[in-house]
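Going by numbering that gives the first Met the number 0, the first residue of the sequence shown is number 0, and it counts up by one from there.
It should be emphasised that the hints constitute simulated quantities derived from the structure, not laboratory data.
Cβ coordinates follow ideal geometry from the N, Cα and C atoms, glycine included.
Each statement offered as a hint is correct.
Pair ranges (Cβ atoms, derived):
{"id": "1", "residue 1": "P24", "residue 2": "I99", "range": "57 to 67 Å"}
{"id": "2", "residue 1": "L36", "residue 2": "W68", "range": "23 to 33 Å"}
{"id": "3", "residue 1": "A90", "residue 2": "L61", "range": "34 to 44 Å"}
{"id": "4", "residue 1": "K1", "residue 2": "L58", "range": "26 to 36 Å"}
{"id": "5", "residue 1": "W68", "residue 2": "A94", "range": "28 to 38 Å"}
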Amino acid sequence: MKFGWFFMFYLLHIGFCIFAAVAPPVVFRGKSLTGILPAVDLISKQVLVGIFYFIGFGLFCLESIINVWVIQQVYMYFRGSGKAAEMKREAARGALRAAI
0 MKFGWFFMFY
10 LLHIGFCIFA
20 AVAPPVVFRG
30 KSLTGILPAV
40 DLISKQVLVG
50 IFYFIGFGLF
60 CLESIINVWV
70 IQQVYMYFRG
80 SGKAAEMKRE
90 AARGALRAAI
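Could you build all of it, start to finish, from the sequences and the hints given here?
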């Protein structure tokens, strides 16, 4: 798996976490995601369920922040340590060995 695919899918995951934290009724109809919009709607009808939705909103926000930190650390490690060039050289050596 190339790192470009990893970064693309991880950014997609971060986008979903941010979408789930807000949870607008665009894609998922009803109250399937515990975001801030369903929490505000439910707090007036069922207080306990609304509290759980606020907890879910907080956890999605926390996960989004941690995900941004993780992708930043992975990117800095991958680019800062010269692993990209080393991996390309190793792949070229492996291809040469396989050809021989």
